[in-house]
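Colleague: Position chain D relative to chain Z; hints supplied.
Number of protein chains: 2
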Amino acid sequence: MDIAKTMIETAKGNAEAELCILNAKVFNVFTGEFLASDVLTACGRVAAVLPAGAAREYPARVRINAEEKLLVPGFIDSHVHIESSHLCPEEFCRVLAARGVTTVVADPHEICNVMGPAGLRYMIEATQDVPVTVFFMLPSCVPAGAPETAAHTLSASDLAPWLDEPGVLGLGEMMNYPGVVFTQESVLAKLNLLREYNDGKFGPLSGLSLDGHAPFLTGADLQAYAAAGIGSDHESSTLEEARERLRSGIALMIREGSSAKNLIDLVPAIDGHTARQCLLCTDDRHVVDLVYEGSINFAVRKLVRDGRVPLPDILRMAGYNAARHFNLRHTGAVAPAYFADFALYGDDRTWEPEMVWHKGRLVAEKGRTLDTPRTKTGHNEPLRNSVRLSGRLFENGVLKKECLAVEDKGLPVKVIVVIPEQIATRREDVLMPAENGLLQADPDRGIAKLAVFERHGMSGRVGLGFLKGMGLKKGALASTVAHDSHNLIVMGMNDADMLLAVESLHRAGGGQAACLDGEVLALLPLPLAGLFSDAPAEQVLAEQVQLNRAAELLGREKGVEPLMTLSFMSLAVIPSLKLTDLGLVDVDEFGLTDLYCE
Amino acid sequence: MDIAKTMIETAKGNAEAELCILNAKVFNVFTGEFLASDVLTACGRVAAVLPAGAAREYPARVRINAEEKLLVPGFIDSHVHIESSHLCPEEFCRVLAARGVTTVVADPHEICNVMGPAGLRYMIEATQDVPVTVFFMLPSCVPAGAPETAAHTLSASDLAPWLDEPGVLGLGEMMNYPGVVFTQESVLAKLNLLREYNDGKFGPLSGLSLDGHAPFLTGADLQAYAAAGIGSDHESSTLEEARERLRSGIALMIREGSSAKNLIDLVPAIDGHTARQCLLCTDDRHVVDLVYEGSINFAVRKLVRDGRVPLPDILRMAGYNAARHFNLRHTGAVAPAYFADFALYGDDRTWEPEMVWHKGRLVAEKGRTLDTPRTKTGHNEPLRNSVRLSGRLFENGVLKKECLAVEDKGLPVKVIVVIPEQIATRREDVLMPAENGLLQADPDRGIAKLAVFERHGMSGRVGLGFLKGMGLKKGALASTVAHDSHNLIVMGMNDADMLLAVESLHRAGGGQAACLDGEVLALLPLPLAGLFSDAPAEQVLAEQVQLNRAAELLGREKGVEPLMTLSFMSLAVIPSLKLTDLGLVDVDEFGLTDLYCE
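Order-wise, the sequence lines are chains Z and D. For the first sequence, position 326 (counting from the first letter as 1) is numbered 398 according to the numbering used here, and the numbering increases by one without interruption. For the second sequence, position 411 (counting from the first letter as 1) is numbered 483 according to the numbering used here, and the numbering increases by one without interruption.
The set of hints was computed from the structure by calculation and includes no laboratory data. Each hint should be verified, as a subset may be incorrect.
Repeated chains share a single entry, so a pair holds when one copy, or any two copies, can fit it.
Claimed, not checked - Calculated pairs, DSS-like style, for lysine-lysine (alpha carbon to alpha carbon, straight line, at most 25 Å):
1. Lys546 / Lys473
2. Lys141 / Lys630
3. Lys630 / Lys374
4. Lys273 / Lys77
5. Lys97 / Lys472
6. Lys273 / Lys431
7. Lys374 / Lys333
8. Lys141 / Lys374
9. Lys545 / Lys97
Chain Z with its partners taken away, still in its complex shape (with noise of 0.2 Å):
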């Protein structure tokens, strides 16, 4: 029997449905209505939806009473750096589908940065057969444009190929925003490509999107920056460029993430005719907040908790407005035709559902994903043995002092200074305390040393720069999770732990560690491109829980996330001032600055 006969034969309850959901509150996404229904599937897609009791006595393979229970079509994360989980793709969506999220659109910028095209080719694979469906787009900025040492580049030519792979839809976030405006070669490139794709294989339609990112951006060039095509962005941190990118015709993906949380001061943007162009989505978000808190349903629990904003809009934006976003068929509504895509939440008001389906399949019920589709053997190995520090900075085997000595020239320094839950930082200049002509860390003030190690076996280089804010106290910290070129970043209040941290890390093939007092107290393994675990996901959670109280016992600040803001303290596309291997970088100037003040 054909679909479209399937289909029609299962709605009239003439042919046997996959499964049929008696009795469940549906969220209309067309009308903003809750009402009594049946919901009937077949090849996984909603055959039909009937006022409650009329498929009573419909045949069905599977018959669930709802009682009543709300029926809500899966969330959509619009935008995701899978990597930042620490999860691998396959126990990410784990997580995700007993969320009630059925699908993500995901970046996967971090491992490109780290592994090139083969990055891409791997996550690709990974989502294959998972409970989740993922779409990619494709970073467009790989190096991110930053003084900086980078492992691969991906150029518009080395992009183009991969514009007719199946799930992707589009090019990710445009980070680099004034290589847009001020009309930068390689930039245009992108832009043409995605352009003439466009026009030569959908004509007048909509195909691939072409995803933002433009903090602060404002005025003309942000009217230059969407007059390019750029249909989206997520970094609005205040009200008022949430309006401006609105009103530009700039969907406003609103990011609660693990670092970066707007949720709460966007709402206000809000409204009637707005909340059709409103996005949710998490960025980053690491596996401890996935779990105890949530993804996308937990922007939904945050949203519905601060009452501003009617529910149906709230269950809009949270996955029927990304689908309209990103132009994807059938997906994001409780309605024939529609993929079967759902889950069901009791009235407790968590909005963690009882039970999810994913293309009419069950898979997860009571917060516990049924199939374990661990990753597969082998199809890691190619990530393994990416962290790779130069022998020049080694004397038998063990890391040199030299590495991070920053000489005392009685001038004060730029120290970066942390703005809790932001990754934009602000600079403020400070004398340092120096011991035998070296600058050092000051705990009192709170000012750690920071250090950016090269590891991809390219320049070697070691950037020095000093951190505030983050709220350390003692001991160290490293990760080789950097955003952008993930290279590998310590802070820490003394150089002997500081070496330790990185030393260790070069020995796990990649993580984040925390190390006091010639000991290491916690690492977290992450031997996948030296961005995330092979683990299962409870392993990495329990892993990051550890590492996590270790990285509390040595200090923070209200509002930092100690290791995920760290990770963050080396992109230099973001403002003001950030450290990368070839030393500080005034974002505000596009370019590298001295550590000391004239």
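Modeller: Relative to the frame of chain Z, chain D by itself:
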């Protein structure tokens, strides 16, 4: 300079804009605001929308001071049969452009019924160089599938090659909804054709659309219709229908045509949730209404005056929503990257634009289209001589009287009764007066005789019946526009005038005529496929007005456009009782029915 660069540099004032509109009150579809703005265009698109005054010093080829007048995205007619205007496509577009309509989605269903694929090719070619963007839906129901003689059949395999045609947006209205619900083979083939094409070309992305047409379809049948992939319906005449379609995820195309006027009735279905799924269309609208009332701008005016729907929702329904529904890239907003299709309105609340731009080009001013791209010479030739009545009907070059003879069997006959402002009919059983053993029209009770002459040189059949509720008091009206097969339909209060009307259209090669007492009162020649004129809009209007006056002289009912309504009396897929060349059709029973009651 490449496009991306041109757009960016224009937005920043570094390159000369094609057009700079200063100080307009721009309607923002995304936020619902009306913001004092300057608008710049490049490459036929909007490059920037800046706060009023900001672009005063920007370089621009053309500069216009909008003096705070309202700038609104061009309107979109989401479903229209151009043929119904009686204008050739070029003239139709000239008229629409002056009304602020810059995009239409046309279903060339009428001409394809008469000419087959040649009609489609003609329409596409005729709309290549006009001041409106014309998209096409491939006619899905040629022939309509009713019991009648059709000139052409477009099967799934006939349609397949046209899916690749630039400007084709999908499959047009699936009028054969019983064929869907009862899984008719030839209908399934078309549904599967579209699904497979979309899957193959667009993967998970929305691609081509599938329009619906399902008056009164409800419950599981409507769910089946939606499950088959049908995404819109423009046939709702009741609030209940409208609401059920919206709930089912079927976009509500609200129609305000010349015969079918559903706009005001459906207003209560529009609210803050549903407005997004509501589109405006005209379906069938003739030249007089287009010129005297308008097109989509007329519906806007009516909705504004009605007062129940907020203006931002009205304006989105009139444009942006349709663009989103059909998945049109960068259409429907005055925002960066969007096509520069917009119109400037004074504050006279007529919704007659003072200036209209299409892709950045000024195409109309004060109700007049600026360019006159009339039809190309020779281009129309294949459409002529399409009225071919069977030789068997004639004797010495004159139509035989027997063509119209209806035997008196002493039984009541099933009379078709027109419902004002609808194209649906109902049935009434009436004992008609007889003369010489033959049933006659009955002016006293307002019941005319009705006949349908096959005119494509096929069966040569003549269907006979009776029609009430048109208000005709004397004489006869005839038309070669007779949905859907466009045979020759004629109604009259006496056989002589009916035969004269048929003969006059036969001689004219198609058209519409009003005859009285042996005289042709008025004749509108429609020599192209018997459907539309090759004359300029102004002339067609004059001829149509003259014809309408003549028809009025013969009598008409309030709320009934006699010739337009007559042309739907053979459309045997709209309930309940219709007449084709094969005889009376009971649409609810999907078959021919005897004229006489049991």
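Colleague: Find the hints from earlier in the document that the structure breaks and name them by number, from lowest to highest.
Modeller: Numbers 2, 5, 9, in rising order.
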